[in-house]
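Okay, here's what each chain looks like letter by letter:
Protein chains: 2
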Amino acid sequence: MIIDCHGHYTTAPKSLEDWRNRQIAGIKDRSVSPRAADLKISDDELRETIEANQLKLMRQRGSDLTIFSPRASFMAHHIGDFQVSSTWAAICNELCYRVSQLFPDHFIPAAMLPQSPGVAPETCIAELERCVRQYGNVGINLNPDPSGGHWNSPPLSDRHWYPIYEKMVEYDIPAMIHVSTSCNACFHTTGAHYINADTTAFMQCLTSDLFKDFPTLRFIIPHGGGAAPYHWGRYRGLAQELKKPLLKDHLLNNIFFDTCVYHQPGIDLLTRVIPVDNILFASEMIGAVRGIDPETGFHYDDTRRYIEASTQLSPAQKQQIYEGNARRVFPRLDAALTSKGK
Amino acid sequence: MIIDCHGHYTTAPKSLEDWRNRQIAGIKDRSVSPRAADLKISDDELRETIEANQLKLMRQRGSDLTIFSPRASFMAHHIGDFQVSSTWAAICNELCYRVSQLFPDHFIPAAMLPQSPGVAPETCIAELERCVRQYGNVGINLNPDPSGGHWNSPPLSDRHWYPIYEKMVEYDIPAMIHVSTSCNACFHTTGAHYINADTTAFMQCLTSDLFKDFPTLRFIIPHGGGAAPYHWGRYRGLAQELKKPLLKDHLLNNIFFDTCVYHQPGIDLLTRVIPVDNILFASEMIGAVRGIDPETGFHYDDTRRYIEASTQLSPAQKQQIYEGNARRVFPRLDAALTSKGK
Chain A
1 MIIDCHGHYT TAPKSLEDWR NRQIAGIKDR SVSPRAADLK ISDDELRETI EANQLKLMRQ
61 RGSDLTIFSP RASFMAHHIG DFQVSSTWAA ICNELCYRVS QLFPDHFIPA AMLPQSPGVA
121 PETCIAELER CVRQYGNVGI NLNPDPSGGH WNSPPLSDRH WYPIYEKMVE YDIPAMIHVS
181 TSCNACFHTT GAHYINADTT AFMQCLTSDL FKDFPTLRFI IPHGGGAAPY HWGRYRGLAQ
241 ELKKPLLKDH LLNNIFFDTC VYHQPGIDLL TRVIPVDNIL FASEMIGAVR GIDPETGFHY
301 DDTRRYIEAS TQLSPAQKQQ IYEGNARRVF PRLDAALTSK GK
Chain L
1 MIIDCHGHYT TAPKSLEDWR NRQIAGIKDR SVSPRAADLK ISDDELRETI EANQLKLMRQ
61 RGSDLTIFSP RASFMAHHIG DFQVSSTWAA ICNELCYRVS QLFPDHFIPA AMLPQSPGVA
121 PETCIAELER CVRQYGNVGI NLNPDPSGGH WNSPPLSDRH WYPIYEKMVE YDIPAMIHVS
181 TSCNACFHTT GAHYINADTT AFMQCLTSDL FKDFPTLRFI IPHGGGAAPY HWGRYRGLAQ
241 ELKKPLLKDH LLNNIFFDTC VYHQPGIDLL TRVIPVDNIL FASEMIGAVR GIDPETGFHY
301 DDTRRYIEAS TQLSPAQKQQ IYEGNARRVF PRLDAALTSK GK
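Heads up: the protein sequence lines correspond to chains A and L, in order. Under the working numbering, the first sequence has 273 at position 273, and the numbering climbs by one with no breaks. Under the working numbering, the second sequence has 278 at position 278, and the numbering climbs by one with no breaks.
These are calculated hints, taken from the structure and not from any lab test. A hint or two may mislead.
Not the full set, but computed from the structure, chain L residues with beta-carbon under 10 Å of chain A [unchecked claim]: (1) H193; (2) M203; (3) R234; (4) L270.
Derived pair list, reagent style DMTMM-like, types lysine to aspartate or glutamate, alpha-carbon separation capped at 25 Å [as the list claims (entries may be wrong)]: (5) A:K248 <-> A:D293; (6) L:K243 <-> A:D302; (7) L:K244 <-> A:D293; (8) A:K248 <-> L:E295; (9) L:K248 <-> L:E295; (10) A:K212 <-> A:D158; (11) A:K244 <-> L:E241; (12) A:K244 <-> L:E295; (13) L:K243 <-> A:E295; (14) L:K248 <-> A:E241; (15) A:K248 <-> L:D302; (16) A:K243 <-> L:D334; (17) A:K243 <-> L:E323; (18) A:K248 <-> L:D293; (19) L:K244 <-> A:D302; (20) L:K318 <-> L:D293; (21) A:K14 <-> L:E241; (22) L:K244 <-> A:E295; (23) A:K244 <-> L:D172; (24) L:K56 <-> A:E241.
Beta carbons: idealized from backbone N, C-alpha and C, even for Gly.
Generate coordinates for the entire structure from the input sequences, incorporating the hints supplied.
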């Protein structure tokens, strides 16, 4: 079985975007604010957007199950206040839940949180609980920078975030650390802000003792861990200067990297540097990079090909990356699969 | 000959830091402001700090010449106003110049600029001209974020920066794109801010047509190009989505990466992905990572060992990385060496 731990609902019906635009317009002019109930998307519409896109590609590429969360760049936690984020998160999470109900063998949901700049993270807990208890979400996406590129929240190691972590530990769910759209002109969203956030989150963990306080807390750093694996020597050296334990002891019981690295040399570096136990298969399909690589003739984000072509990984290690690690890092996913006899 | 294109004067006498601390205190209380002339550092002091540190390690490791600039983390352009930066840059650049005069075979200077947040970059030109004309500087360090982690300057592709670029083209000098200390708690200076800035700068160039306006402008993206080589497939794919030319045509006539990547797999990725023409030897020694790697028994930043150990590079390619590319990217360095018969 091949589990893709990083997929977003980037292909939702246009009416979702229209609703969101009306919601945004309503921030300035409340008379145009839509109600949540104004958004009507039928099961057939959901089916179409999935069958023609994610599911089609999953079948072509041979992946079986996607951990599916709302479109990352549309989370846009910087827009409006907590109430705006709250309504928006509830809508987006419900859609991913419905997709998981329509295609229970192929999608299982992970939740976005109704974060809002300057608002205490504990305000997100009601939505988190709803998503885990009612919707069967197996993980969350946590945005370390709800401002969208201004980076004015405390680092992930700050107690500011602890209420979220306590709930994650209670439910035994991991968080993917994933920012949203950049509204800072310096940072291109998918080319700079995403990758920078990954690197930043990794370093925030490295300089702290967060995992002493939460020994079972688990973070997935997406996009292959940002720059961390490429600069693994730098990070080992910085940990050493800071008198931290070896990275494998200091961070690798708690931090995992996905395989959203869109070329063979990058995947080869990742699998050469990072222990196999810490690598989870993912494509972020359909996402930031949708084209076909002229150098290979295949889609950049068809990451399974890079794993398959790896000469460093044994078949057992590949299976670990495809399935075993995801089931370990997402115990609720494992339980859901086990209950189906998978 | 082995040229290290990225060295900072991180070992300057303590009196420099003391002077700077007084200068900073003087921002609030002008009565304690020191004059530039209050800083007295003898040639012997300079010699000692270099001979016992950079030069000793250069001899041990077998590099011959370092392109030497003021300590990056001490540039701290966010402190004070333009006048504060201006005085500080003049002092730091003069020290690097003096080092180059004391050790003319081993050091040649590159200038920091007196940047200041919100101040037009053209204010830096007088110092740039002084450094090139009087001090024989062969390049500059350009800080894309003088705020120190708040990223509120326009991207490098903005006309805001063009006066600097015009002067760089006139003098035929490259810029290393190098931030300074982070004063944003989210970003560890050398573990996150430096690497993020590299990735950000690369992406700012990718999304723009800067090098159409300045076909001969040359940037060195330090620290192995941040995350760019590791995510080269992502960047090729994003360029494709943005209808830009292939990266080799769009960026690689103008952008170069140094070898400040502190482990063998990272250097192997860099040399596998990036054309040899675009890689310049560097160590950033003595810098952020000063320890000995327990996995190798050698210093993390002894980057020559990784180049030597590369099985991908021919001897001629190694020589290009060590010397040929630096002489091409820094024509004033080449001229200085040629005039000495080197």
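Against the structure, the hints come out as follows:
1. H193: Because about 9 Å separates H193 (chain L) from the closest Cβ in chain A, which is inside the 10 Å limit, the hint holds.
2. M203: holds, 4 Å
3. R234: holds, 5 Å
4. L270: holds, 8 Å
5. A:K248 <-> A:D293: With Cα atoms ~34 Å apart, K248 (chain A) and D293 (chain A) exceed 25 Å; violated.
6. L:K243 <-> A:D302: Given pair K243 (chain L), D302 (chain A) holds - Cα atoms ~21 Å apart, limit 25 Å.
7. L:K244 <-> A:D293: holds, 14 Å
8. A:K248 <-> L:E295: holds, 13 Å
9. L:K248 <-> L:E295: Answer violated: K248 (chain L) to E295 (chain L) is near 35 Å, above 25 Å.
10. A:K212 <-> A:D158: holds, 13 Å
11. A:K244 <-> L:E241: Violated, at roughly 42 Å.
12. A:K244 <-> L:E295: holds, 16 Å
13. L:K243 <-> A:E295: The hint holds at about 17 Å.
14. L:K248 <-> A:E241: violated, 37 Å
15. A:K248 <-> L:D302: holds, 23 Å
16. A:K243 <-> L:D334: With a Cα-Cα distance of about 42 Å, the restraint between K243 (chain A) and D334 (chain L) is violated, given a limit of 25 Å.
17. A:K243 <-> L:E323: The hint is violated at about 36 Å.
18. A:K248 <-> L:D293: Since the Cα atoms of K248 (chain A) and D293 (chain L) sit roughly 14 Å apart, the hinted pair holds (cutoff 25 Å).
19. L:K244 <-> A:D302: With Cα atoms ~22 Å apart, K244 (chain L) and D302 (chain A) stay inside 25 Å; holds.
20. L:K318 <-> L:D293: holds, 23 Å
21. A:K14 <-> L:E241: holds, 21 Å
22. L:K244 <-> A:E295: holds, 16 Å
23. A:K244 <-> L:D172: violated, 44 Å
24. L:K56 <-> A:E241: holds, 21 Å
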